[in-house]
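Protein chains in written order, with my numbering: chain A, 1 to 689; chain B, 1 to 117; chain C, 1 to 165.
Treat the hints with care, since some could be wrong.
Among chain C residues calculated to face chain A with C-beta under 8 angstroms, some are [to be verified]:
#1 ILE50
#2 ILE61
#3 ASN62
#4 ILE67
#5 PRO69
Everything labelled a hint here was simulated from the structure, so no lab data went into it. Just so you know, even glycine gets a beta-carbon here, dropped at the ideal spot from N, CA and C.
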Amino acid sequence: MDKSLSKEPMLEMFIFENLQLLEQLEQTILAHEKERCLENAVINEIFRIMHTIKGSAAMMMYDSISSLAHAIEDLFFYIREFHPDEMDYSKICDIVLDGIDFIKNEIGKLEEDQEADGDSSPFVENIEQYLLLIKEASANSNLINEAAARPAGLQKKFYISTSKSPPTENIKRYHALIYFTPGCEMENIRAFNLVHKLKDQADQIDYLPADIIENNDSVEFIRENGFAVIFTTHLQQEAINELFMKEAFIDSLDLRVMEDEEWEIEQLRARNQIILEEEPSVSNNEVREIGANLHSGSTRQSLISVNVDKLDRLMDMVGELVISETMVAFNPDLMTATKLENFHKATRQHRKIINEMQDLVMSIRMVPLSMTFRKMNRVVRDMSKKLKKNVEMVIIGEETEVDKNIIEHLSDPIMHLIRNAIDHGIESPEKRASLGKSPAARVYLEAKNEGGDVYIIIRDDGAGLNKDKILERARARGLMQKPDSNLSDGEIYSTILLPGFSTCEEISEFSGRGVGMDVVHKNIEEVGGAVLVDSTPGQGTTITMKIPLTLAIINGMRVKVGNSIYILPITSIKESFKAKPDNIIVDPDGNEMLMVRGECYPVLRLHQKFRIESALKEIAEGIIVIVQNDSGSICLLVDALLGEQQVVVKALPKFIGKIAGISACTLLADGRACLIIDVANLIILAKVK
Amino acid sequence: MKSVLIVDDAMFMRYTLRKILEKNGFMVVGEAENGLLGVQKYGELLPDIVTMDITMPELNGIGAVQLIKQINPRAKIVMISAMGQEQLVREAILAGASNFLVKPFSEERFIEVLNSI
Amino acid sequence: MSEILDEAVLQEEDTQKGKFLTFLVGKEEYGIEIKYVTEIIGGIQAITEIPDVPEYVKGIINLRGKIIPVMDVNLRFNKEARDYNDRTCIIVIDIDELSVGLIVDNVAEVISIADADIVPPPDVRSGFHNRYIKGIGKIGSEVKLILDCQRLLSTEELENLDYIN
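Excised from the complex, chain A in its bound form (with noise of 0.2 angstroms):
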C-alpha cells in the first residue's frame, strides 16, 4: 500500500500472517509428496495461500515476492483446471519448496528491517517452462479433452443480438466514448461493468471494442482508444452523463446523441454486436446447499493472535495481584483488629481465584510443539533426498505443551540432532542391507511430560555412537583428563556436547563444522534443561532433552547476604547445613573448601562475590547451600535462608547487561526488587578459579 499508511504494523501483520501461511503449505506438501498424487483440496490450498500472498505482498509492493506467489498460482490454477498426467510430482513439491523458501528467506529480511531484495526471476522462469512443459505434454496426450474443457464456460452465456429496432420518438441513441484512470486496471471488465449497469436502463447495446469478455489482451484496445458503446434510451443526456460519472475510475466521458444514419455506420462498424444474458454461474440449488451450510459453520471455534508482549504484561500483572494480596490480607492495620474471621474467609477466597488465574495465564502462554516439530519433516526430507538415504520420521507426543519462550530456543537444537542423526548416525541403505537392516532408516522424535519436566528425545536406529573414537578425540583435544577405568558410558557419550568436539571427519553441507553439539548444550541449559546421551553399538543413539515446563515462574529460596536478600532456584540446591568448622579447609592460596561426606567442594562467600556488607566472618556461622548442575556443585555461604517462594522471573533492565552470578531479577511479596542467582554461572566461575 505504497506510502500512504504507517507501514509498522501492516509489515508485522504481513510477516505473521505470511510466514503462518507458508508453514502450512509446507506441510500440507510434505505430507502429500509421498502419496504421488495431489488431492483436489490440496491443490486448492495451495491456489488458495499462493494467491492471498500474492495480494499482500503487491500490496505491500514486494514485487519480487508478489511475482513468484503469482507464478505458483498460475502453475496449480492450470493443475486445478486440467489435471495433466503427466506431472512430476517430485519436481512440483521441489518448486514448491524453493519457492516457501525464497518468500520465507525474504520475509526473514523484512523481519530484520532490510529490504526484500531477492531476486525471484529465475524461479519465475523456471516455473513458467515448468508450465509450459506440462502443458505440451497433455496436449499431446490429450488434445481433445483440453480443448473441450477451456472454451466450454464461455460462450453459452452469450448471445448475438439480432432485434435492431430503429429508435422511436422519445427513445433516443447514444454514443459514449470513455476512457478510464490509468491504471484501474482491468479495463475490460470496468467496460463490462458499465455495460452491464447502463442494461437497466438502455436497450439495443453494442460496444468497441467487443471482445472484452473473451479477450483479456482487449485492455490494451480501451487504454489507447477508449471505450466506445451505443445505446437506446430513453433517459435524458443529463442523466446518462450522471449515470456514467457516478461510476469509479472513469477519466473522461464523450456523450452524444446519434443521428439514424451514423448508426448504420456504427454498427457495421462493430462487427460483434453482443448483448449479455443473466445467467447466474451458481445454480439456485447449488445456493441453497450453501446457504444450508451457512447454519453449521458457525459453531467452529473462534481463535484470536494476541502479541505475546500483551502476555508477558499479564503475567507481570497477576505477580503483581499475588503481592498486592498478600499486602491486604497481612496488612499491619489488622492487628489491631479483633474479629476477623470474615476478613479471613473472604481472603482465602481472593487467595484461591488470582490462583486459578495465575494458572490460566500460565496456560495462555503454553504452545504445542507441533509446530516445531513438523518443521522437522522439511529437514528429514531434504536431507534424505541429498545423502540419498531412506529415512522415515517417526513423531510421538507432538500435542505436548511448553512455554512459548522456551519453544524458541527449541528449534535449533532439535534441527541439529536430528540432521546430525541423519548425517552421522544412519547408515546408507546399501550398509543397512548388508547388516540385515531394514533399509528404511527411521528417526523418533518424541515429546513427554514427566513430573514438571518436558522431555524430548531424539532417536535414530543408525550405526550408533563409537566410545573409543569419542574417548581418542576426547583425549586429543584435552577434553579427558580422568582415566578410562573410571568412566561410566553416559560420561564418555556426553563429552560430545562439549565445546569443541566433533567426531565426523569431514565436514557435511548439513551438520558438522565443529560446532553444533555444545550449541546444543548451551541452548538447552539456558533455559534451564539438561541434554543426555545413550547409544548402543549397531542399534542407534538417543539423546534426551529434559527441559522445564515454564521459565516465567520458578521455585526459588530467599536467602539473606548481608542486608540484600537474594533468590535461589529451588532446583539446583542440593543440601543445606551449618558447617562443622572442623570440615573446612583453606589451601595455601587462601581458597575455602569443605569436606562433605569425602568429597572437597569450593565455598563461595556470596557477599563476597557481591561486594555486600556482612557481619559474617566464619564459614561456621553462616549457612552452607550446595548447589549443582551438570558440570558441577560448589558450596555458597549465606547468613541465613528465609524460606521458600513462588517468584516470578523477570530480566534485568537492558542498561544494566549481564551481571556475573545473576540471571534475573523478581519482586518480593513487599514490592521490593530481588535479583535471582545464576548457579551455573557461578559454579563455572568457581571452577574457572
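Place chains B and C on chain A using the hints.
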C-alpha cells in the same frame, strides 16, 4: 458515517482495509474470514457496504455475493480482486457486485470506489 | 505520511516542543526535554543494589511491576556522593524503549526555552568538560544546562570496562 463489512481470508488485507476505511471516515462494523461467515455477518449487521475478496475457503466471494443479494437485493458490494481474475470478477458483477478493485491499489482508488456506489 | 498512528504522537510532541523539566544537582540547575520524562517519584524508595556495576548505577527499583534501573546523576558527573534527603527525587525518563530513573537533588519546574535561546556548550578547551551537556539554555539572566539524555544513558562505558573481574 457509512458502515462497512470486510470479507477477506487474509488477515493482512482485513487489517489494511480497516485502517484505510477508518482513516477515511467509514465505520468498519465487522470482519469475516470466508464467504460463509461474510454472508452470516451481512445478515446480522446489514452494513452499507461490503468489501469482498474472491478467493476464499468455505465459500468464495462470488457465492457470497449471490447469497447476500438474496438477503438484500440492494446490497452494495465491492470486489477485491487480483490480476488474472477477470473471469471471476465478471461472474461477480453478474451476481450483483457493484464494482471492483484490482490489487495492488492505492488508498485513493479504494475510497473512490466506495464513494461511487 | 503515516498519519494514522503517528498523529497523536506528533500532536503531543508539538505541545511538548521547547519545554524542559529543570532540576538541581548540587548547585547547578539542569534541564531535560519534557518528552523524555514519564514520571517523577518523590523521595527515594528501596533500591536493590546490583553487584559489579559502576558506582553511579545505584540499582533497580520496582515501578508498579516494572523493574527499572536508577542512576545517581551526581555520581554520573563524577562528583562526590551526596546524601539523599526528603527533597531527593527520581525522574523516570524513557528513551528508545529504555526506562531509567535519574536521582536528582530537587525537581524545580517546567519551563519553555525557545530554540534561539539555546546555545551549544563551550569548547572543551575553555575548561568546560561535562560531556553530558548538549546545550545551554538562557532564561533572562539565568542559565540552565540541558542534558543529553542519550549520552547519559549510553552504556558504552559499561560494556567497555570489564566489571566481571
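Original post:
So which of the earlier hints does this model not fit?
Top reply: The structure breaks none of the hints.
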